[in-house]
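So you can see what is in the structure, the chains are spelled out below.
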Amino acid sequence: MKKNKTSCENCESRMSGVFCELTNDELSDISEHKVTNVYKKGQNLFVQGNHPYGLYCVSRGNIKVSKVGPDGKESIVRIVKGGDVIGHRSLFTDQNYTATATAMEDSTVCFLDKKFIMKAIQQLPSVAMNIIEKLSRDMGAAENKVSSFHQKNVRERLAELLLLLKESHGEKTDDGKIRINIKLTREEMATMIGTANETLIRFISEFKDEGLIEQDGKFIIIKDEDELMSWADVNY
Amino acid sequence: MKKNQYPITSLDPKLIDKIKSVAPIHRYTVSTDLFYEGQTPVVAFLLLDGHVQLVKNKKVRKVLNSGDLIGLRELINHSPFPLSAQVLPNTDMVFLDKSTILEILDLVHDSELSEVFKEIIHEEAV
Chain A
0 MKKNKTSCEN CESRMSGVFC ELTNDELSDI SEHKVTNVYK KGQNLFVQGN
50 HPYGLYCVSR GNIKVSKVGP DGKESIVRIV KGGDVIGHRS LFTDQNYTAT
100 ATAMEDSTVC FLDKKFIMKA IQQLPSVAMN IIEKLSRDMG AAENKVSSFH
150 QKNVRERLAE LLLLLKESHG EKTDDGKIRI NIKLTREEMA TMIGTANETL
200 IRFISEFKDE GLIEQDGKFI IIKDEDELMS WADVNY
Chain B
0 MKKNQYPITS LDPKLIDKIK SVAPIHRYTV STDLFYEGQT PVVAFLLLDG
50 HVQLVKNKKV RKVLNSGDLI GLRELINHSP FPLSAQVLPN TDMVFLDKST
100 ILEILDLVHD SELSEVFKEI IHEEAV
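Note that the protein sequences, when read in sequence, are chains A and B. Residues in the first sequence are numbered from 0 upward in steps of one, following numbering that gives the first Met the number 0. Residues in the second sequence are numbered from 0 upward in steps of one, following numbering that gives the first Met the number 0.
Derived from the structure by calculation, the hints contain no laboratory data. This one's a predicted model, so the numbers in the text were calculated from it and none came from an experiment. Treat the hints with caution; some may be incorrect.
[As the list claims (entries may be wrong)] Output of the computed footprint for chain A on chain B, the stretches with three or more beta carbons under 8 angstroms from beta carbons of chain A:
(1) 17-29
(2) 36-42
(3) 50-59
[Stated by the list, open to error] For lysine-lysine, the following DSBU-like pairs were computed, each having C-alpha atoms within a straight-line distance of at most 35 angstroms:
(4) K61/B - K39/A
(5) K66/A - K55/B
(6) K217/A - K118/A
(7) K39/A - K165/A
(8) K80/A - K13/B
(9) K55/B - K40/A
(10) K207/A - K40/A
(11) K118/A - K57/B
(12) K61/B - K72/A
(13) K133/A - K151/A
(14) K222/A - K118/A
(15) K133/A - K80/A
(16) K57/B - K113/A
(17) K182/A - K58/B
(18) K113/A - K61/B
(19) K113/A - K58/B
(20) K55/B - K13/B
(21) K114/A - K55/B
(22) K171/A - K144/A
(23) K114/A - K117/B
(24) K182/A - K19/B
(25) K171/A - K118/A
(26) K118/A - K19/B
(27) K113/A - K222/A
(28) K182/A - K57/B
(29) K40/A - K13/B
(30) K39/A - K217/A
(31) K144/A - K113/A
(32) K113/A - K17/B
(33) K217/A - K17/B
(34) K151/A - K118/A
(35) K144/A - K66/A
(36) K61/B - K66/A
(37) K61/B - K13/B
(38) K39/A - K13/B
(39) K176/A - K118/A
(40) K55/B - K72/A
For every residue, glycine included, the Cβ atom is placed at its ideal position computed from N, Cα and C.
Isolated chain A (complex conformation) (with noise of 0.2 angstroms):
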């Protein structure tokens, strides 16, 4: 029994991905050579500590990639999406990986092996230096998240939380909001900002009071994004 194979041509996130500028017969080599699989909420591409195989490409959903540090708590680094790659800075380095990635919610993700995407590399510029634009902004982000957590207090740092997560998965809806289109619990903004659960649940409840904010079922819409960026002290 053969699987139905997402191919790269028709993939719905082929023009934000690092393959956006090649030709369909490019894209087709690599449609013949990857593995897709969908991944259910809670499965796991791959685990903190373990090798790299190489480059997974998400095309539909959302990845959480976090770390658990040695008293056991997760903290999420990142969130993925489609269009996005993961596993391409262990893949460099030859270190295992330093981070799990989780599916959020049933996601389709692409697989490419190690000796594949560095050919791919060698011989297609444009992959190339979509992976180093891809290591830059995440290092810029490293960079900024270090500040943050060092110059902004628990407030400012879920403003630029929710700007960012705006950036990623805003949706403008008919009356002027931006909805984010990610089911985030409590927990888990918690850990991306690093404060306690109760700290992030007194801070939500501010900015809804304060008109920033309100929330459709698990769904957070930002009403004034000005405002937020003001307590953010940033300029997306």
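Got chain A sorted already, so can you dock chain B onto it with the hints?
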């Protein structure tokens, strides 16, 4: 090479040595799901030492022995593996990615290995 009830191939020591010469050995230090039921493994796995179990409906159906190879046929044919595979800590395995398997099939490495792999790939699904 022996066939099993499950999609596992037991390789003899000579073939294991040949595989070890083309792909590195890795030690799994943490418990990990190698792949989940119904998925295509992203690489094929050869157990050298330690504990790998095949699971279905939360029940362990089979514990692999040293020299057991899983996932090769499914990886090349892009077909689903009928069980989940879990590795326990301190297990030594060789993983074979698709590029390496294709090199072996193209006789880049060893003709005997190539023949065995072809046989596994063309076996009927269990």
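Now the hints, each set against the structure:
A stretch counts as covered by a chain when three or more of its residues have a beta carbon under 8 angstroms from one of that chain; for the segment 17-29 of chain B and chain A the count is 4, and the coverage holds. Here's how the segment 36-42 of chain B fares: 5 of its residues keep a CB closer than 8 angstroms to some CB of chain A, so the rule of at least three is met and the hint holds. With 0 residues bearing a CB less than 8 angstroms from a CB of chain A, the segment 50-59 of chain B misses the requirement of three and the coverage assertion fails. Taken as a hint, the K61/B and K39/A pair is honoured in the structure, with Cα atoms around 23 angstroms apart against an allowance of 35 angstroms.
Between K66/A and K55/B the alpha-carbon distance is near 28 angstroms, which keeps this suggested pair within the 35 angstroms criterion. A C-alpha spacing of about 43 angstroms is found between K217/A and K118/A, which places the hinted pair above 35 angstroms, so the restraint is violated. The straight-line distance between the Cα atoms of K39/A and K165/A is roughly 24 angstroms, inside the 35 angstroms bound, and the hint therefore holds. A C-alpha spacing of about 44 angstroms is found between K80/A and K13/B, which places the hinted pair above 35 angstroms, so the restraint is violated.
Between K55/B and K40/A, the direct Cα distance comes to roughly 18 angstroms. Compliance with the 35 angstroms bound is thereby established for this hinted pair. Between K207/A and K40/A, the direct Cα distance comes to roughly 29 angstroms. Compliance with the 35 angstroms bound is thereby established for this hinted pair. The hinted pair formed by K118/A and K57/B fails the criterion: a straight-line CA distance of about 39 angstroms is larger than 35 angstroms. Only pairs whose Cα atoms come within 35 angstroms are accepted, and K61/B paired with K72/A is accepted, the gap being roughly 33 angstroms.
With a C-alpha separation of about 26 angstroms, the suggested pairing of K133/A with K151/A holds against the 35 angstroms cut-off. Distance check on the hinted pair: K222/A and K118/A sit about 47 angstroms apart at the alpha-carbon level, beyond 35 angstroms; violated. Simply put, K133/A and K80/A have alpha-carbon atoms about 13 angstroms apart, close enough for the 35 angstroms limit, and the pair holds. Our distance criterion of 35 angstroms between C-alpha atoms is met by K57/B and K113/A, whose separation comes to about 32 angstroms.
Of the supplied pair hints, the one linking K182/A and K58/B holds, its CA atoms being roughly 31 angstroms apart against a limit of 35 angstroms. Between K113/A and K61/B, the direct Cα distance comes to roughly 30 angstroms. Compliance with the 35 angstroms bound is thereby established for this hinted pair. For a cut-off of 35 angstroms, the pair hint linking K113/A to K58/B stands: about 33 angstroms separates their Cα positions. Restraint check for K55/B and K13/B: the C-alpha separation of about 32 angstroms stays at or below 35 angstroms, so the hint holds.
Between K114/A and K55/B the CA atoms are separated by roughly 32 angstroms; this keeps the pair inside 35 angstroms, and the hint holds. For the given pair, K171/A sits about 26 angstroms from K144/A by alpha-carbon distance, which is consistent with the 35 angstroms threshold. Restraint check: the Cα-Cα separation between K114/A and K117/B comes to about 21 angstroms, which is no more than 35 angstroms; the hinted pair holds. Under the criterion of a C-alpha separation no larger than 35 angstroms, the hint pairing K182/A with K19/B is inconsistent with the structure, at around 44 angstroms.
Between the alpha carbons of K171/A and K118/A the distance comes to roughly 40 angstroms, so the proposed pair goes past 35 angstroms and is violated. In summary, the hint linking K118/A to K19/B is supported, as the alpha carbons are separated by about 23 angstroms, within the 35 angstroms threshold. A distance of roughly 44 angstroms separates the Cα atoms of K113/A and K222/A; the hinted pair therefore is violated under the 35 angstroms criterion. With a C-alpha separation of about 27 angstroms, the suggested pairing of K182/A with K57/B holds against the 35 angstroms cut-off.
Restraint check for K40/A and K13/B: not satisfied, since their Cα atoms lie roughly 41 angstroms apart, outside the 35 angstroms limit. Under the criterion of a C-alpha separation no larger than 35 angstroms, the hint pairing K39/A with K217/A is consistent with the structure, at around 19 angstroms. Restraint check for K144/A and K113/A: satisfied, since their Cα atoms lie roughly 29 angstroms apart, inside the 35 angstroms limit. Taking the CA atoms of K113/A and K17/B, the gap is about 21 angstroms. The hint holds against a cut of 35 angstroms.
Simply put, K217/A and K17/B have alpha-carbon atoms about 54 angstroms apart, too far for the 35 angstroms limit, and the pair is violated. For the hint pairing K151/A with K118/A, the CA-to-CA distance comes to about 43 angstroms; that exceeds 35 angstroms, so the pair is violated. Taken as a hint, the K144/A and K66/A pair is honoured in the structure, with Cα atoms around 15 angstroms apart against an allowance of 35 angstroms. Using a Cα cut-off of 35 angstroms, the hinted pair K61/B and K66/A holds, with the two alpha carbons roughly 31 angstroms apart.
For the hint pairing K61/B with K13/B, the CA-to-CA distance comes to about 24 angstroms; that is within 35 angstroms, so the pair holds. A C-alpha spacing of about 39 angstroms is found between K39/A and K13/B, which places the hinted pair above 35 angstroms, so the restraint is violated. For the suggested pair K176/A and K118/A, the alpha carbons sit about 45 angstroms apart, so the restraint of at most 35 angstroms is broken. The straight-line distance between the Cα atoms of K55/B and K72/A is roughly 29 angstroms, inside the 35 angstroms bound, and the hint therefore holds.
Checked against the numbered hints given earlier, this structure breaks hints 3, 6, 8, 11, 14, 24, 25, 27, 29, 33, 34, 38 and 39; the rest are met.
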